[in-house]
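S.K.: The chain contents come next:
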Amino acid sequence: MQKKLLIIGGGSAGTILANSLDRRDFEISVVSSSFGHLFQPALLYVAFTNVKSHIVRDERSLLPPHVNLIHDQITAVDLNEQRATSANGAVFPYDYLVIATGMRTDTSQIPGLSEINEKYGDYHSSIARAQRLWKRLDSFPGGTIALGQGSPIIKCPPSPLEGIFLTDELLRKKGLRDKSRLIFFTPFPRAYSASPMNEIVEPLLQEHGIEVLTFFDLDHIDPATNTLYSIEGDKIECDLPIVIPPFKGAEIEYLPVDVVDPDNFVITDKETLRVKGTFNAFAVGDASNLPTSKAGVGTHLQAKVVAKTLSGHPAKFDGRTSCPFDLGNGRGVFVNGSYEAPVTKARPTRTNHLMKMAFERIYWSSLRGRLDPVMDAYFALTRPRPASKEQEPASTNV
Amino acid sequence: MDETTTGRILIDSTGSPCPGPITDLALAYRRSKVGDLLELWATDPGIRTDVRAWAAKTGNEILSISDSDGKIVVVIRIAKR
Ligand SMILES: Cc1cc2nc3c(=O)[nH]c(=O)nc-3n(C[C@H](O)[C@H](O)[C@H](O)COP(=O)(O)OP(=O)(O)OC[C@H]3O[C@@H](n4cnc5c(N)ncnc54)[C@H](O)[C@@H]3O)c2cc1C
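Residue numbers (the working numbering), protein chains in the order written: chain A, 1 to 398; chain B, 1 to 81.
Hints listed in this document are in silico derivations from the structure and should not be mistaken for laboratory results. All values derive from a computational prediction rather than experimental measurement. Any given hint could turn out to be false.
Said to hold, decoys possible - In the DMTMM-like style, the derived pairs of lysine to aspartate or glutamate whose C-alpha atoms are separated by at most 25 Å in a straight line are:
hint, chain 1, residue 1, chain 2, residue 2
1, B, 57, A, 219
2, A, 276, B, 12
3, B, 80, A, 202
4, B, 57, A, 237
5, A, 248, B, 12
6, A, 235, A, 219
7, A, 270, B, 12
8, A, 174, A, 138
9, A, 276, B, 61
10, A, 316, B, 39
11, A, 155, A, 59
12, A, 270, B, 36
13, B, 71, A, 211
14, A, 3, A, 27
15, B, 33, A, 234
16, B, 57, A, 222
17, B, 33, A, 232
18, A, 235, B, 39
19, B, 57, A, 211
20, B, 71, A, 118
21, A, 270, B, 69
22, B, 57, A, 202
23, B, 80, A, 138
24, B, 80, A, 237
25, B, 80, A, 234
26, A, 52, A, 118
27, B, 71, A, 318
28, B, 57, A, 234
29, B, 33, A, 59
30, B, 57, B, 36
31, A, 119, A, 222
32, A, 155, A, 95
33, A, 248, B, 67
34, A, 155, B, 61
Bound-form chain A, shown alone (with noise of 0.2 Å):
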């Protein structure tokens, strides 16, 4: 008998699931709250370099024909009674349920927050933001800049850098640098914040003469001015303020209570992906609360546990990630890294950068698993080596 499996979210973790489990075993719905799937990377290039590509595609495009794809918000879900509510007042009972749901930004953190974005537009929010940021930064005469982070959870984790190297990038081609200061701000002790990728990435940004303020961690900003005030006290005056807001999980109320963190990030066994307390719910992608990355490499390798899981294979998920780094004028680098091997220092190259760029193409067909060989020995073949007992156990928040 088909048994019912409920999806709730229609971004990369669900639309990869939906993709990849038999349809004679399951009977699929994705509760989906957007209509587009947003090929979220590219909002890098359109605040940056006004990329202007095909970035959104539509969710039913990208689901078999036998997935029932619904578009409404799902409220409430109750892991005891095995059922999922939406503000439509839609119930959904099901046997298994994936939570999908990613996270988003919330600018309510951090008072000020708000005006800046509105004003000047961010690159992890949204299309229209991120087109807001190109036009002040196309637009910017000259003068300081701060970048970085609102919150210690971010969104793919090298994507302030990457922010910061191509707003260098870009002044240098508009003949600006000279007259501009960059300054990036980061909560972490160091610029990145796994050590040994910031042994690299550390002497390109003195090369590029970029300020680093550490332990800044944004508490108020005074949108009057343009000042950034941080909890240990420091201050940054700017003329263009760049802030990734902070990140919550997605407002769902769950019963029991205790399944979600203070942000709402769903609390997940972090090999067998089950949430919390249950046997029949798994959370995958941004929505839970796994001490990895948040990013596309591990959403992707998630969901294919879990599919391997509900088709009577018991997978575990290794804490792998794999996440492209741009780190401006034609090169990048590759940050590997699982919850047993270190990151280890990568070479910058062009072709890491030219990877980074062939990235959306990739994505489309992965979604739909038409590239699951190619996938899988890309994975076998940069798979990082545990740590050995004797050295530090690094980062896989890659």
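Fit chain B with the ligand to the known structure of chain A by using the hints.
M.R.: Just chain B with the ligand now, with coordinates in the frame of chain A:
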């Protein structure tokens, strides 16, 4: 993050590699108030250096750093917020 009856705020970052523990500490600091005691558990040895740098920067007080069987326990008193 759990609030225990003694008023200590427990942050369990065991098994979480760098920068997991310092991320969890920074998030707990955001929600803390002066006088709170934060107890951070970690297994990533990098936290020793990071937490000292963090305390020096934020003006908070490390009451103890202990280590047993690879589990590092750091107790911090929030003096500045
Ligand atoms: C600027 C930027 C650069 C990035 N660069 C990279 C990169 O280079 N490499 C990389 O691997 N990753 C990158 N990422 C991260 C990557 O895009 C995400 O990690 C990935 O999309 C997460 O997938 P997800 O399915 O968990 O969430 P999403 O793809 O965000 O999907 C969430 C889905 O849930 C739905 N939803 C939410 N709440 C509800 C609800 N209550 N009811 C119903 N539906 C709901 C949404 O509508 C959406 O369909 C980047 C992200 C950004 C913003």
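S.K.: Decide, hint by hint, whether the structure agrees.
M.R.: Here is how each hint holds up against the structure:
no.: 1; hint: B/57 with A/219; result: holds, 15 Å
no.: 2; hint: A/276 with B/12; result: holds, 16 Å
no.: 3; hint: B/80 with A/202; result: violated, 30 Å
no.: 4; hint: B/57 with A/237; result: holds, 20 Å
no.: 5; hint: A/248 with B/12; result: holds, 20 Å
no.: 6; hint: A/235 with A/219; result: holds, 10 Å
no.: 7; hint: A/270 with B/12; result: holds, 14 Å
no.: 8; hint: A/174 with A/138; result: holds, 9 Å
no.: 9; hint: A/276 with B/61; result: violated, 34 Å
no.: 10; hint: A/316 with B/39; result: violated, 30 Å
no.: 11; hint: A/155 with A/59; result: holds, 21 Å
no.: 12; hint: A/270 with B/36; result: violated, 29 Å
no.: 13; hint: B/71 with A/211; result: violated, 36 Å
no.: 14; hint: A/3 with A/27; result: holds, 6 Å
no.: 15; hint: B/33 with A/234; result: holds, 18 Å
no.: 16; hint: B/57 with A/222; result: holds, 23 Å
no.: 17; hint: B/33 with A/232; result: holds, 13 Å
no.: 18; hint: A/235 with B/39; result: violated, 28 Å
no.: 19; hint: B/57 with A/211; result: holds, 18 Å
no.: 20; hint: B/71 with A/118; result: violated, 44 Å
no.: 21; hint: A/270 with B/69; result: holds, 22 Å
no.: 22; hint: B/57 with A/202; result: holds, 20 Å
no.: 23; hint: B/80 with A/138; result: violated, 40 Å
no.: 24; hint: B/80 with A/237; result: holds, 23 Å
no.: 25; hint: B/80 with A/234; result: holds, 13 Å
no.: 26; hint: A/52 with A/118; result: holds, 21 Å
no.: 27; hint: B/71 with A/318; result: holds, 21 Å
no.: 28; hint: B/57 with A/234; result: holds, 10 Å
no.: 29; hint: B/33 with A/59; result: violated, 44 Å
no.: 30; hint: B/57 with B/36; result: holds, 18 Å
no.: 31; hint: A/119 with A/222; result: holds, 13 Å
no.: 32; hint: A/155 with A/95; result: violated, 31 Å
no.: 33; hint: A/248 with B/67; result: violated, 33 Å
no.: 34; hint: A/155 with B/61; result: violated, 31 Å
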